[in-house]
Each structure stands twice: as structure tokens, then as C-alpha cells.
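S.K.: Chain by chain, the residues:
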Amino acid sequence: MRILENLEKYLLTEIEVDLSNKSLDPNEDLLEQGIIDSLGIMKLVLFLEESYGIQVDDQDITPENFQCLSSMVKYVEQQLQNK
Amino acid sequence: MHDETSERSPDNIIEQSATALSVERVNPSELNTVAKVLAAAYAEDPIHIWAMPKADTRLDDATAFFTFFLRRMRPYRWEVFTTTDRSAVAVMAPAGQRDREYHNGPRYLPTLVRRISLVAEYFKWIETFRPDVHHQYLEFIGCLPKKRSQGIGSLLLGSLLEAADREGLPVWSWSSNPRNLTFYRRLGFETKGELRWNDDIPPVTTLWHPPAIDTSA
Numbered sequence: 002m003r004i005l006e007n008l009e010k011y012l013l014t015e016i017e018v019d020l021s022n023k024s025l026d027p028n029e030d031l032l033e034q035g036i037i038d039s040l041g042i043m044k045l046v047l048f049l050e051e052s053y054g055i056q057v058d059d060q061d062i063t064p065e066n067f068q069c070l071s072s073m074v075k076y077v078e079q080q081l082q083n084k
Numbered sequence: 008m009h010d011e012t013s014e015r016s017p018d019n020i021i022e023q024s025a026t027a028l029s030v031e032r033v034n035p036s037e038l039n040t041v042a043k044v045l046a047a048a049y050a051e052d053p054i055h056i057w058a059m060p061k062a063d064t065r066l067d068d069a070t071a072f073f074t075f076f077l078r079r080m081r082p083y084r085w086e087v088f089t090t091t092d093r094s095a096v097a098v099m100a101p102a103g104q105r106d107r108e109y110h111n112g113p114r115y116l117p118t119l120v121r122r123i124s125l126v127a128e129y130f131k132w133i134e135t136f137r138p139d140v141h142h143q144y145l146e147f148i149g150c151l152p153k154k155r156s157q158g159i160g161s162l163l164l165g166s167l168l169e170a171a172d173r174e175g176l177p178v179w180s181w182s183s184n185p186r187n188l189t190f191y192r193r194l195g196f197e198t199k200g201e202l203r204w205n206d207d208i209p210p211v212t213t214l215w216h217p218p219a220i221d222t223s224a
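Protein chains in written order, with the numbering used here: chain A, 2 to 84; chain B, 8 to 224.
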């Protein structure tokens, strides 16, 4: 499964993001919109680490990396390249 | 005594009394296991219920919180202890005064992303009441509900307090669960009064364990 689809599925099912249209714009600002909270960030970090075998360093937990689905996908791809 | 060498698997442990148990540091490979113990232990904690209001996902949410926290606390020198049967777990922050480093610690990392977290703000506020003397901070302690009233929590915390006493260190902590105060007092903690941020959030009681007076000198 593509990273984007995998992440979107996780947000919709596990974090129970409540969206009437059941689809997320990859560039939608999840933080600004309050779609994911602090606990959601923790869950996302654990999900990325476990799904992709990457280590999300403390300094990488930033708004730039977790703002939207696109930025998360970009971050995961970078980490996978650096593995 | 802390047994750092034991590698007993929890699968090998059968029902036993607290007197047969000992306390050891948690191996990094077991952090997921002990995160689940803490999540179950804190299921009825007023602050956790307030912070994680959705009852149907609270256990999973709390497990995620503790897993995230425990995996990331190592660079900050936090230590995790457990009884050999893995039914009780305690997290001790390093000795120090109110720790500047702590406020950049792993529990607060998600707030770097989200601008507002009432829970984090509340925890930070509580921690401003840490005494301005060298002390240890008992961050978390919990016992599996089905293993309570067997002296296991007392064994774990008693062991950590003995170690603090040997170092001459007081221990600071806080609890939002009034039912636990008897437990802490029995182990020598003084309850130092209630902190109430506002009427919507459960108040907490701060706890202080003075170091034993060394009479050997």
C-alpha cells in the first residue's frame, strides 16, 4: 500500500478522524484544523515507526513534518532513503 | 535491591506472593509490555480520564501515550522499574532540581507540533510546584488492577524509596486519585496539599518523601 493511502487509512480508522466525506486532502492542514491532537501525534509517530521500521527522532517531531499527509509522506520517504 | 542481571521471562512467572518478588530495571525490549501495565493501572485515574475522555478507546490511548513516553525517555535518564512478575511498574525521573531539560522532555514533544495542549499545560503547571531542592521525581507508578492489595506496589515503591534513602534523596510526586493517598502515606510520604487549576480539571495532591535520617554517622 502506498504510504499516503496507508496513512490516510490509519487516520480515518485508528485516530477516528471524523470527516463527513471520508477522504482527506493530502495538503489539508491537520494541525491548524485541529484534526489531530497531541495524542494523535503520539499515535502517528508510533504507527510510522512500526509500519516502516524507521526511527522518528525527537527533533523530527515538528509542525513541518506532521502538518499534513503530504508532509508526513515526504518525511517517511526521506527516512526510508536514509535507512 | 535492584536486580539488574535477571532476565526472567514473565511467561515463566506463576502466581506468587509479593514476598517472592523482587524489583528490577526494565529492559528496553520490554517497554511495550510495561506501557500496557501502566495503561491498565491508570485506567481509573481522574487525570487520565479527564485527559482521555473517550472510554471505549482509553486503554489504547493510554497504551499509546505510555509507549511513546517510555521509548523516548531514555536520553533524559529516566529509569523504569518493575517487579519480576511484571505486574507493577514505576518510572523515576533523574534526581535534580526543577529540571529545565524536563520541560523539553518527551512527554511534551507533541505540543511542539500542536500549539495548545491543556493536558501538557496542566502537567507543566503542577511541576512548577516541585521543591527547589535536589530530589527524585516519581513520575508514574501503577499496578495491574487484578494484582492489587497483595503488597506488590508497596514492594516496588518501597524498594525505590530505600534506594533514594541510601542516596539521602527526598522523593517528590503527585496523585490525582484520592484513594491512593493511604498507600503513599503508609510508605512515608507526606501529603503536601491540594493543587487545583480550575473547577473543570481534577485536582492533585502533591507528595513528599523526606530522606531517612542517617544515624550511622
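Hints may be right or wrong, so weigh each one.
Stated by the list, open to error - Label-pair restraints from in silico Cβ distances:
#	chain 1	residue 1	chain 2	residue 2	range
1	B	P217	A	N28	49 to 59 Å
2	B	A50	A	E6	31 to 41 Å
3	B	P218	A	L5	54 to 64 Å
Quick caveat, the hints were computed from the structure, so don't treat them as lab data.
Remember, predicted model here, so these are calculated numbers, not experimental data.
From the three backbone atoms N, C-alpha and C, an ideal C-beta is built for every residue, glycine too.
S.K.: Taking the hints in turn, state whether each one holds.
M.R.: Hint-by-hint comparison with the structure:
At roughly 56 Å, the beta-carbon separation of P217 of chain B and N28 of chain A lies within the given 49 to 59 Å, and the hint holds. Between A50 of chain B and E6 of chain A the beta carbon distance is about 34 Å. The supplied range of 31 to 41 Å therefore holds. In this structure the supplied range 54 to 64 Å holds for P218 of chain B paired with L5 of chain A, their Cβ-Cβ distance being about 55 Å.
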